[in-house]
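These protein sequences, in sequence, are chains R and D.
In terms of the working numbering, the first sequence has 274 at position 274, counting the first letter as 1, and numbering is strictly consecutive.
In terms of the working numbering, the second sequence has 30 at position 30, counting the first letter as 1, and numbering is strictly consecutive.
In short, the hints are calculated from the structure, not lab data.
One thing to keep in mind: the hints can contain errors.
Said to hold, decoys possible - Derived Cβ-Cβ restraints for the label pairs, each shown as a range:
1) D/G106 with R/W432: 40 to 50 Å
2) R/E156 with D/T55: 48 to 58 Å
3) R/S104 with D/R114: 45 to 55 Å
4) R/A268 with D/I61: 37 to 47 Å
Beta carbons are placed, not taken as given, at the ideal position from N, Cα and C, and that holds for glycine.
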Amino acid sequence: MNGQYASLLVALPLISAFFVPLIKGLGGRAIKYYLTLITALQAGVAAWVFKTVYTTGKPIIVMAGGWRPPVGIDLYIGHFAALFVLIVALVSFFMAIFSFDSVSTEPTDKYAMLFLLLMLGATGMIATGDIFNLFVFMEITSITAYALTAYNKTGEAAEAAMKYIVLGGIGSSFFLIGIALIYGSTGTLNMAQLAQLAGSINPTVIKVGLSLLVFGLAVEAELFPLNAWAPDAYQAAPHPVTAMFSAFVVKAGLYALARLVYLFSHAAGWDFILKLLVIMATLTVFAAEFSALRQRDVKRMIAYSSISQVGLIALALSVGSQLGVQAGVFHMINHAVVKTLLFLTVGYVGVKVGGTGIENFSGLGRKMPLTAFALTVGALAAVGIPLFNIFWSKVWIIIASIEQGYAWEAGVVLAASVVEAVYYLRLIHTMWFGGWDGIRIRESLPLGTIALFLVLLILAIGVYPNPFWTLAKSAGTDIFNVSRYIANVPLMGVGP
Amino acid sequence: MSVPHIGLYYFGALSLVLVGIYGVLVKKNLLKILISLSIVETGVNLLLISVGYITGRSAPILSEGIGPKQAVDPIPQALVLTAIVIGVATTAMALSVAITLYEKYGTLNIEEIRRLRG
Numbered sequence: 001m002n003g004q005y006a007s008l009l010v011a012l013p014l015i016s017a018f019f020v021p022l023i024k025g026l027g028g029r030a031i032k033y034y035l036t037l038i039t040a041l042q043a044g045v046a047a048w049v050f051k052t053v054y055t056t057g058k059p060i061i062v063m064a065g066g067w068r069p070p071v072g073i074d075l076y077i078g079h080f081a082a083l084f085v086l087i088v089a090l091v092s093f094f095m096a097i098f099s100f101d102s103v104s105t106e107p108t109d110k111y112a113m114l115f116l117l118l119m120l121g122a123t124g125m126i127a128t129g130d131i132f133n134l135f136v137f138m139e140i141t142s143i144t145a146y147a148l149t150a151y152n153k154t155g156e157a158a159e160a161a162m163k164y165i166v167l168g169g170i171g172s173s174f175f176l177i178g179i180a181l182i183y184g185s186t187g188t189l190n191m192a193q194l195a196q197l198a199g200s201i202n203p204t205v206i207k208v209g210l211s212l213l214v215f216g217l218a219v220e221a222e223l224f225p226l227n228a229w230a231p232d233a234y235q236a237a238p239h240p241v242t243a244m245f246s247a248f249v250v251k252a253g254l255y256a257l258a259r260l261v262y263l264f265s266h267a268a269g270w271d272f273i274l275k276l277l278v279i280m281a282t283l284t285v286f287a288a289e290f291s292a293l294r295q296r297d298v299k300r301m302i303a304y305s306s307i308s309q310v311g312l313i314a315l316a317l318s319v320g321s322q323l324g325v326q327a328g329v330f331h332m333i334n335h336a337v338v339k340t341l342l343f344l345t346v347g348y349v350g351v352k353v354g355g356t357g358i359e360n361f362s363g364l365g366r367k368m369p370l371t372a373f374a375l376t377v378g379a380l381a382a383v384g385i386p387l388f389n390i391f392w393s394k395v396w397i398i399i400a401s402i403e404q405g406y407a408w409e410a411g412v413v414l415a416a417s418v419v420e421a422v423y424y425l426r427l428i429h430t431m432w433f434g435g436w437d438g439i440r441i442r443e444s445l446p447l448g449t450i451a452l453f454l455v456l457l458i459l460a461i462g463v464y465p466n467p468f469w470t471l472a473k474s475a476g477t478d479i480f481n482v483s484r485y486i487a488n489v490p491l492m493g494v495g496p
Numbered sequence: 001m002s003v004p005h006i007g008l009y010y011f012g013a014l015s016l017v018l019v020g021i022y023g024v025l026v027k028k029n030l031l032k033i034l035i036s037l038s039i040v041e042t043g044v045n046l047l048l049i050s051v052g053y054i055t056g057r058s059a060p061i062l063s064e065g066i067g068p069k070q071a072v073d074p075i076p077q078a079l080v081l082t083a084i085v086i087g088v089a090t091t092a093m094a095l096s097v098a099i100t101l102y103e104k105y106g107t108l109n110i111e112e113i114r115r116l117r118g
């Protein structure tokens, strides 16, 4: 099949989102079935794209309207984008199923629309090859994310959404100033051409422009000091949406950050940006772990844990070596799996028991054994215990950062892991040894299947990391190897 | 038409951005914060337009007597159109959230809207 069909990745959720009002007449459940169907279709398209890219070894370049870049806007679906578009679609599919149980606030048709648009935005951010198009997709993602954060219509939800809007608004303005500066000095918005011209830009413009881009994306990528919105939004958003935030919205931001930073790797003044990012990432890990320690709400605690892992990914992406980027991508995959599982199970407990405070988890091992088991595996994996998936990516990240001379930062990360173990073990202890009120709750079959699938995936990556490490290596090389990126995009014979 | 030096436009646009950021950081009233956000956006849009400005040329609208040689760079103008639409969407979203906040908390003072913390 023609590679141009990959544009369905963006077109399908966009068209489907606007068909939701037609489905509305068939009732609330019909909307959720529709949502499940569309996300399954999207997963199918993504799986086809993934298979094509990995069997041919060549990226798919979608040219909008048949115009060759840099005149037309292109979608660049390389090894990284193919992998992550698949992850986005699969997580969305799982969360569409989870929405049956967990989302009952009206209007569900608006929920379905926003859900599809959020998926579209993240997919677009990962796939696009144009810096302004990236901005547009980032805004689609963040505006739908604001709306979904406020969806529960409680005071807390509105408060969290407002914090997110103010920070996101400032972030997107910074990003746009960065685009203005870089466009002003290169005259192009196409990423491949920007990478070609990177060496000729004035170092001060690069420093200022790229710092502004980094700060703009740091809001989406939840990097310190621009992540104050994240724990609130994670806590207040509907449970499936929280899992989506953690599994791919933040990943889209991180990917965009890494892609933009490495595009300019030939530019003078690049090291400055890397140093800035390493500092931001280390502070993210440190601040988030210590905040997580004193949370009484499990969902909020896992939100902080998610932020600290994101800091770890950002550290790996910004050490500036190929191994670091590969380790970062590997950690992205693992983090998506583990945090989807954790937010799924915690959200399910929230729906069934009626809250996500630590007291609701007391005696969960006998109340909901399957959920408690899945949550335990997820928690152990998040700590980074051997035989679970995150162990391998943490090891690679630490090796990569020490190799680049960031031993001190690696030490901070290790210390933070110890803190992480404390609060996760506290949760596990409460679940299995806490008092039980004697009520056994029936667990739903589809959600149990999803949870078990994710548990098996965690163990599979933990025991046989090699196939997944190979995937992560080719995806990471796709980000790091800018000259191959330039060579792959058929520019219209312009540039130096 | 004689226009002042291009640096003046950059200065004006960036000072609007700074005024807006000052408002977001300092003001306590939610509506004032949202207005400040809009001011930041306006400043950024003006900056984008000035980046594409070429002295002595007119707006890139296809009409009698204005060819590619007489018009300024059209790409920033297209970007700004998109950015304006996005800004309107963000502002609308923010205002609707502000309505919910006022209903639930009975105030728009951000120092009193603090149920989520830690």
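How the hints compare with the structure:
A hinted range of 40 to 50 Å for the beta carbons of D/G106 and R/W432 is consistent with their spacing of about 44 Å. Separated by about 53 Å at the C-beta atoms, R/E156 and D/T55 satisfy the suggested range of 48 to 58 Å. A hinted range of 45 to 55 Å for the beta carbons of R/S104 and D/R114 is inconsistent with their spacing of about 28 Å. Here the CB-CB span from R/A268 to D/I61 is close to 39 Å, well matched to the stated 37 to 47 Å.
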